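2 protein chains.
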Amino acid sequence: MNGTVYMPVKCIFGKNALSDNASLLSALGRRCLILTGGSGAKKSGALADAEAALEKEGIGFSIFDGIGENPLISVCREAGEAARKTDAEFILGIGGGSVLDAAKAVAIYASNADLSAIDIYKREYKNKPLPVALVGTTSGTGSEVTAVSVLTNDETGIKKSISGDDCYAKIAFCDAGYTSSLPYASTVSTALDAFAHAVEGYFTNKCVGPVMLWAEKCIPMIYEGLKELSGSENISDELREKLYYGSVYAGLVINTCGTAFPHPLGYVLTENYGIPHGTACAAFFAPYIDRCAVFAPEKTEKFISMTDSLEKVKAVVASLTDLRGISIGRENAEKYALRWQSVLPRNFAASPGGLTQEEAAEILAEI
Amino acid sequence: MNGTVYMPVKCIFGKNALSDNASLLSALGRRCLILTGGSGAKKSGALADAEAALEKEGIGFSIFDGIGENPLISVCREAGEAARKTDAEFILGIGGGSVLDAAKAVAIYASNADLSAIDIYKREYKNKPLPVALVGTTSGTGSEVTAVSVLTNDETGIKKSISGDDCYAKIAFCDAGYTSSLPYASTVSTALDAFAHAVEGYFTNKCVGPVMLWAEKCIPMIYEGLKELSGSENISDELREKLYYGSVYAGLVINTCGTAFPHPLGYVLTENYGIPHGTACAAFFAPYIDRCAVFAPEKTEKFISMTDSLEKVKAVVASLTDLRGISIGRENAEKYALRWQSVLPRNFAASPGGLTQEEAAEILAEI
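Chains A and B, in that order, are what the protein sequence lines are.
Taking the working numbering, the leading residue of the first sequence gets 10, the next gets one more, and so forth.
Taking the working numbering, the leading residue of the second sequence gets 10, the next gets one more, and so forth.
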């Protein structure tokens, strides 16, 4: 048996995870900066619960609510400054993937006053980041449990991630209840992202031993959720639980396994055509799973036993993936394939059978 | 869904885990103290592999080979001094549970010169312990992945554990190959310990969600191994793998769930009658599983589906548990029950249905 287990984030799953475990926050410091985006933290009830938990523990706090979608490095730096000015000893990020990713960067800026916005990518700074606690309010990113933070360079508009052991949160409070105010469309898009994490991670060579247990747990959970979403726009609490806890397990999977080619090809659709990230990755599920069937037949058999026939799974994913009006064309496809093959070669290599730049261009041109 | 995931040790499973991942040691320091016991580290081949790995990475090292069974706090302190004198920046523990437990204590003494032997139990010291890497050579303890270190007070002869976030190793290299020189009797006793971890952890209330996956993985692995050991003294490589990786998964389980009453009652047999730890815990498997059947019928059904009928499982465990000549008697039983109920009340409480001091005395008197 081979494989690895490593999860330095203390992840607490379940109803009232935050309220019932408020005392854990005391170990992080006596004052914190709460980081949120638009209205998600409020609507979900997570912000109120966090404030109550902090008050109960006698921890002072300020709020920075300016984190937008695709968080800008300049805004993260600004939040870091806010943390310093308010003497925050830790960061509490509450929101979807953008806020959770941003929290990891804010913690770095907060303890390194002289770090310019752009220099965060160099990953050279003197002081350890502030400790971070995270509360997720969407069911897709898995950012709660990964060391990755995807940030957008204001000047170029290009997304680039930072990652490393010092980017892990100390604690993640994982409560599906906080996803209950998420509208149907966002629920679908984020669920597709979680499914992409689970399936892409599952088919990499790193998905063996202990990590396989997580993958085999979340693939059927999220797939069942997608089938229900495909059939009806009503979302029950049980469905929310499947999708949210499935997304956290999928985060545990990619934390060890990483993702494969649907992710970089998805970035093309997001960056250039404004398609939400999860939907954009799902656009490449069919060509991906078809290659898996050829190059990883045994794992594919197991995948089918956990879900449905590949045709059925592809149909479910396609029914939730709206790409109307999008056409990439041959010339653009080649340009994008060249770009992403050079930015994320490991995602191409991690796909069963690998993927050449030419093959990537073929797949993109089909959209 | 409820539960937690937390595993700050980077655990690398598989053949050549150490040799293939030598570069990870470089992150821990430029010089180390190798800690071993008697001959296990040498015989297993782990010591030679460790020396080669350190040399390959240009990491200097010294060896302290004086850790005995049931490690004494005085010896751990002495090893800590050896680490300081040789400017070790990290500790590399190679051996069975005694050595792995000791390594965690040595790391504390090494960075705290003024800490007296006995004061380690107070857990008050100024400096962070040195980083620790561990290589296990027996299939029982699971100490590779837990924050627990069981130490013996030289003066009283009493065992007492320390634990906490700063007791976790940074890295565990988990390679079943290093258990292949372990004699049959030790293989049986340590396998019984691993089974006790898996089963006691499984029936606690904390065994839910992500941790349940680990429990469900290792219970059938170790049980199959015990059945094979019961049938023949020949131990194949495949059997070694089941037992070793099973014991690491079981370590992951107790790291979250802890153990139940067979452990403290087992300490009675070890402390007072010289019975090896695993065998001593196994002596209480039958009364334990009988209580589980009454107080946790659903989990017991699942347990049976992963193993055999309870009668059969009890018979397999009993066939490997040699208690000939041991008789506790009513008076001693009451004394021991009183002692351990006060030392480890949480183990009594964590058992399905709980266990009163009187019930513990009953069970002990049956031996």
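You may find that some hints are simply not true.
Pairs involving identical chains hold if they fit within one copy or between any two copies, as the list cannot separate such chains.
[Said to hold, decoys possible] Calculated pairs, DSSO-like style, for lysine-lysine (alpha carbon to alpha carbon, straight line, at most 27 angstroms):
hint, residue 1, residue 2
1, K135, K24
2, K24, K236
3, K321, K179
4, K94, K236
5, K168, K308
6, K215, K24
7, K94, K215
8, K169, K24
9, K215, K179
10, K311, K131
11, K19, K137
12, K308, K19
13, K137, K215
14, K65, K168
15, K51, K344
16, K236, K169
17, K94, K135
Derived by calculation from the structure, the hints in this document are not laboratory data.
Everything numeric in this text was worked out from a predicted model, so none of it was measured.
Hints and how they fare:
1. K135 <-> K24: Neither: 38 angstroms inside a chain and 38 angstroms across chains, both beyond 27 angstroms.
2. K24 <-> K236: So K24 and K236 pass the 27 angstroms test inside one copy only (24 angstroms; across, 40 angstroms).
3. K321 <-> K179: So K321 and K179 fail the 27 angstroms test inside a copy (40 angstroms) and across (44 angstroms) alike.
4. K94 <-> K236: neither (48 angstroms within a copy, 64 angstroms between copies)
5. K168 <-> K308: neither (32 angstroms within a copy, 48 angstroms between copies)
6. K215 <-> K24: between (31 angstroms within a copy, 15 angstroms between copies)
7. K94 <-> K215: neither (43 angstroms within a copy, 41 angstroms between copies)
8. K169 <-> K24: neither (34 angstroms within a copy, 36 angstroms between copies)
9. K215 <-> K179: both (24 angstroms within a copy, 20 angstroms between copies)
10. K311 <-> K131: neither (41 angstroms within a copy, 51 angstroms between copies)
11. K19 <-> K137: both (19 angstroms within a copy, 20 angstroms between copies)
12. K308 <-> K19: between (30 angstroms within a copy, 26 angstroms between copies)
13. K137 <-> K215: neither (29 angstroms within a copy, 33 angstroms between copies)
14. K65 <-> K168: So K65 and K168 fail the 27 angstroms test inside a copy (38 angstroms) and across (38 angstroms) alike.
15. K51 <-> K344: neither (41 angstroms within a copy, 57 angstroms between copies)
16. K236 <-> K169: neither (32 angstroms within a copy, 53 angstroms between copies)
17. K94 <-> K135: This pair counts as within: shortest intra-copy Cα distance 19 angstroms, inter-copy 29 angstroms.
Of the numbered hints stated above, those contradicted by the structure are hints 1, 3, 4, 5, 7, 8, 10, 13, 14, 15 and 16, listed in ascending order.
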